[in-house]
Amino acid sequence: MTYPPVPAAPVFPAGFAPAPVDMDNLVLVPLTFLSQKVMFRAQQEASQTLTGGAYTQVQYNTILEDPYSGWNSSTYVWLCPVGCSGWYEVTVNATAASIASSTQQVQAVLYLDGVINTTITATWAVNGRTSASSGSTMVYLSGGVDYIAGYTYAGASTTTPTTAGQYSMIEAVWVSN
Amino acid sequence: MRAPALRSNVGNTVSFQTLRPAFYAYYTSGGTLGSGSHALPLSTEFIDSWNGHSTTTNPSQYFCQLPGWYLCKMAIGLDYVSSTQEQFGAALQGVSLGSAFGPNYGPMLLNGSTLALAPYVADLIPMSVTGAIGGSGDYIEAIGVNNSGGSVTIVQNFGTGYYPFVTMRWVADYVTEYPSPLPAAPPLGTWPVPPSYVTATFLNENIRDTVRYLLSPPVARMYVTGTHALPSQTWPAATIVPLNTSSVDNYGGFSSSSNNYTAPYAGNYFVYGQINLVAAASGTAYGMGFSVNGGTVQYAGVVSKLSDSTGGGVGGQTRLRLNQGDTVAMYATQASGSSINYATAAGVNTLMLVVWEGL
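Taken in order, these protein sequences are the chains called F and Y.
Note that our numbering has the first sequence beginning at 1, numbered continuously upward.
Note that our numbering has the second sequence beginning at 1001, numbered continuously upward.
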């Protein structure tokens, strides 16, 4: 009841006296989904090696919210909840501790079902402090089938930052059928 | 209460809210971006739920099929690999509310990294004049900006996962006169037991106000006007960005004196920010992020740059869970050794967007 699936448009039959449970199903449940939508937010607070010149799956260790329980803490992927298919907007913030080079880049990358889907950003990495590169894209996810993961591409080896305010993050929200 | 009224008010709301105008397309034609600003014909659609775009007629433009505020984003990879730093960007332009607008630039990215980078832009743009594709109605067009003086190859493939892409989403109704009082965020819980006779008050509180709120949830676009400077400071210290003007703030959350936005209702908010600074004769890093209630700044964009004569910037985005009354502000940092003014050239904006997305 608290976290309903994507609603179909309710059909109100004429000529019957609705009980509260009917109004729950016809009005409250659909409007509850549309008021909440599906939301997932996580961040990586631990130090994780980012291999230079490679795509590293970020092992987000702090789940800020995941009411539909899509996160898998073993495989570090978020599975679209059953009943919640649709277009999602996914935001990835790829952060990397100081990269010891002034000619490197950081990319925030979205993987879908284990395959690279979109390089959302590519920005100039910073030598001597944390780099941060964030952006968002849209992706269609089938409930119970498709899963996403956030990846960071760092041009040279480094780690994910462990300082508050510099964490790598991922967020997903349902936006449309 | 008759069934047709419920179908009209609830059934249609659910139908609309589950399929609001959304557009997502790629540019897949390859080639180069010549010097200057050029529209991108979007040749591959993934979703265009209200048919505002054509891959053959005015393919760089998305036409208004429903009045509203549209959250628009674009990224374009440019394969500029020289160590001589040049300036690149992404922008949005078109016709809004019947008048030409833009280009509205994203953060102007400086690149002397020797690697391909991807400028990007996001903005919250109103459209009210509907019309056919290619007609005289409102539209939004994605622009690639190349100020290097020469042609640059458009990146088609960062590790098999990248084309220049554009997303546009209807996020709120475009209205010039809001309900008074503004509807509150919908409550969650079970359907309350109605009175013996279902009254208008009961239905208004439990249906109408929710429908109204979802049609026009809190959105805001705040930007900097006038001359202001970003001081040099030691990383990771940052200074609040002096946002002092808004072009939309339907729930009155923006404070031009405190330069922040107060959440009118609890929920998840999409937040985007970008800064643009004038030329600075020192290499440094530009950074920006967001602070909730004055707490630690969570950085969303930190990029490198060399000494420049063109101006440059950085942007980023996140989603924040805010309680009612929480404030969110954008902060920026640079460590060049001297203050750097925010850019004031037309369309080269320093701005923050806020969009309520759910409870």
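Don't read these hints as lab results, they were simulated from the structure.
It should be emphasised that the depicted structure is a prediction, and the values quoted were computed from it without experimental measurement.
Hints may be right or wrong, so weigh each one.
[To be verified] Restricting the straight-line Cα-Cα distance to at most 20 angstroms, the calculated cross-link-like pairs of lysine to any residue (SDA-like) are: (1) F/K37 with Y/Y1178; (2) F/K37 with F/T51; (3) F/K37 with Y/T1160; (4) F/K37 with Y/E1177; (5) F/K37 with F/A17; (6) F/K37 with Y/N1206; (7) F/K37 with Y/A1184; (8) F/K37 with F/G15; (9) F/K37 with Y/R1321; (10) F/K37 with Y/G1134.
Hint-by-hint comparison with the structure:
1. The suggested pairing of F/K37 with Y/Y1178 is violated, with an alpha-carbon distance near 24 angstroms, which exceeds 20 angstroms.
2. Distance hint between F/K37 and F/T51 is unfulfilled; the C-alpha atoms sit about 35 angstroms from each other, more than 20 angstroms.
3. Distance hint between F/K37 and Y/T1160 is unfulfilled; the C-alpha atoms sit about 31 angstroms from each other, more than 20 angstroms.
4. Restraint check for F/K37 and Y/E1177: not satisfied, since their Cα atoms lie roughly 27 angstroms apart, outside the 20 angstroms limit.
5. With a CA separation close to 30 angstroms, the supplied pair F/K37 and F/A17 exceeds the 20 angstroms bound.
6. With a CA separation close to 18 angstroms, the supplied pair F/K37 and Y/N1206 stays within the 20 angstroms bound.
7. Under the criterion of a C-alpha separation no larger than 20 angstroms, the hint pairing F/K37 with Y/A1184 is consistent with the structure, at around 17 angstroms.
8. As the CA atoms of F/K37 and F/G15 are separated by approximately 32 angstroms, the hinted pair breaks the 20 angstroms bound.
9. Annotation: proposed proximity of F/K37 to Y/R1321 holds, straight-line Cα distance about 13 angstroms (limit 20 angstroms).
10. For the proposed pair F/K37 and Y/G1134, the alpha carbon gap of about 34 angstroms is over 20 angstroms, so the pair is violated.
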